[in-house]
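Peer 1: Given the coordinates of chain S, work out where chain X should sit on it, guided by the hints.
So the protein lines, in turn, are chains S and X. Once you know that position 44 of the first sequence is 44 in the UniProt record's numbering, the rest is easy, because the numbers rise by one and skip nothing. Once you know that position 22 of the second sequence is 22 in the UniProt record's numbering, the rest is easy, because the numbers rise by one and skip nothing.
Worth double-checking, as some hints may not be accurate.
Repeated chains share a single entry, so a pair holds when one copy, or any two copies, can fit it.
[Unchecked claim] Here are the simulated BS3-like cross-link-like pairs (lysine-lysine), alpha carbons at most 25 Å apart as the crow flies:
| hint | residue 1 | residue 2 |
| --- | --- | --- |
| 1 | Lys67 | Lys276 |
| 2 | Lys67 | Lys310 |
| 3 | Lys276 | Lys230 |
Because the hints were derived from the structure by calculation, they are not lab data. Here the structure is a predicted model, which is why all the values come from computation and not from measurement.
Protein chains: 2
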Amino acid sequence: MTQQSATVNRRIVLARRPQGEPLETDFRLETEAVPRVGPGQILLRTVYLSLDPYMRGRMSDAPSYAKPVELGEVMVGGTVCRVAASQHPDYAVGEWVLAQSGWQDYALSDGRGLLRLGSAARHPSYALGVLGMPGYTGYMGLLDIGQPKPGETVVVAAASGAVGSVVGQVARIKGCRVVGIAGGVDKCRYAVEELGFDACVDHRAADLAGRLAEVTPEGIDVYFENVGGKVFDAVLPRLNPRARVPVCGLISAYNATEPPAGPDRLPALMGTLLRKRIRMQGFIIMQDYPEGFGEFRQIMGGWLEQGYIKYREDIVEGLEAAGRGLIGLLRGENAGKRIVRVGDET
Amino acid sequence: MTQQSATVNRRIVLARRPQGEPLETDFRLETEAVPRVGPGQILLRTVYLSLDPYMRGRMSDAPSYAKPVELGEVMVGGTVCRVAASQHPDYAVGEWVLAQSGWQDYALSDGRGLLRLGSAARHPSYALGVLGMPGYTGYMGLLDIGQPKPGETVVVAAASGAVGSVVGQVARIKGCRVVGIAGGVDKCRYAVEELGFDACVDHRAADLAGRLAEVTPEGIDVYFENVGGKVFDAVLPRLNPRARVPVCGLISAYNATEPPAGPDRLPALMGTLLRKRIRMQGFIIMQDYPEGFGEFRQIMGGWLEQGYIKYREDIVEGLEAAGRGLIGLLRGENAGKRIVRVGDET
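Pulled out of the complex, with its shape left as it was, chain S reads as follows (with noise of 0.2 Å):
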């Protein structure tokens, strides 16, 4: 792994937009001197880079909920850092904070829109975990619209992602029957005997509609969607009348360049919703709970110290190895959370 500098600060950039999935070349190194702080200003080093689904969207430039990433501008992610040099009263060297610096070792801020997490964060890579939006996804999604009751069954794909894995064991300490869906044989193990679920269906198993109703005996009450594709037609016919469906993902989906080929099922999903009066919503969680963030971040806290909640990170080593983890990440092949590691910690 290539060493942060003092005085270089090395940023990628988006060279090109995807057709499909993303390549290495869509990605481009940059190196420029470290900027200096001005007055007011604080200088951010970047240890931890979350990488996450949504950025593939960033990369395109069709419509969505977030402008995209400009050719040639620094990619957008969030980062726990460290305040490396200081001109604002409330900021000390040495602090930590979650911000949105992107894929680059130092940025300028002026403060707003970061997160402190003190000078001696235990686990300062958990806040763009666990303990940041994926798990504040995961939480908000399940139990504001999922409202899962006990007994009821809860199904979540990605399992023993950062927001699956918070979702199914949300659902486990809510008393709810919880089954996960992953991608192999190790990702289900984990979800089971880590995890707690009850059960975990391998999507890549031939017959998924069969395994998945063997395991949802009672039906499906909740269905946490982030994923989308095949996953969600082995679904849709297991959902008990008012089931509830959070859509917070369709990573699925995100390479695709043309809609699939017919028949159009839209009529047919339509459909279902009204005869079994299911409810479907989409949410992006800061857009629609900026409140409750502090909140939950005290009771996730809680529960992981407790032992209630397990937690996993896949660390991809350096800031030049971010694209290929991304690529990786849409692929599947993290186990658990990933984050790159930019910079060393002290």
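Peer 2: For chain X alone, kept in the frame of chain S given last:
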């Protein structure tokens, strides 16, 4: 119109399951003796029979939220009846009741599931429309799932129909901009001039999407879905972030025998729900809102009396015309709530 007899019960049974659009030969008129009242029973004489789109679903044996009408069984349907004979302590001869006695002149009841309308009901047939299931569907679906706020834009299709006309007028009472979609110039004029909609678009017009965009300059916040098909296609791109879509019917698809050709737009719909954080929710009125019907009737009764809500009936004369009446309803030939006058009020 054939007169009701005091001794013969005419009943229309399902003769064949339709393929696509129902035919008159899918129904069969039979006669039998009027049944005799036993202890604890009352004999109902049908005065009005409701015709509703859901009836098409009951003619098929595809899985649905309600069991199908069996071949040879009397067609189901809501009715407004008078008590013709009684051996029940709580019912007197001459009382009006709302029942589910189906497509026939007479039926026995033990009183369960009846709603009493008194002895001097002013507009007894209204209990099949604006003061009955269709009105309650429009009212509750709009208010509970749609959550309309003053100044928001509400769009409803089948705007001149039993459900749509209530949705639009209640939305207007709530301070919304109301846009209808209806089939034909006359229905649109009625929606605007009589019902007070802000605009109404003819779905037979060449450029439905363009016309809809013109009259929803600030997008659509609530779309009350009761038709599906090309109307939904025109609405979808106009939905605002956080829009709500109550789904109570899909009349355009009821006669469909196979899924339409591709491309498959299901993934695109899911993507739209996610990006715009839209809530779609199906509901079946009496299963999901069994409690609020009495309160609804009070509120809606008051609005009718004060002239805030207008209501129009489209009366088909005679039980023998019921099949033809339903076929026409599914084609959108009705002007207002379609009911069958089966017998005299007195």
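Peer 1: Now tell me, hint by hint, if it's right for this structure.
Peer 2: Hint check results:
1. Lys67 <-> Lys276: Answer is between; shortest inter-copy Cα gap is 13 Å, intra-copy 36 Å.
2. Lys67 <-> Lys310: Neither: 34 Å inside a chain and 46 Å across chains, both beyond 25 Å.
3. Lys276 <-> Lys230: both (20 Å within a copy, 22 Å between copies)
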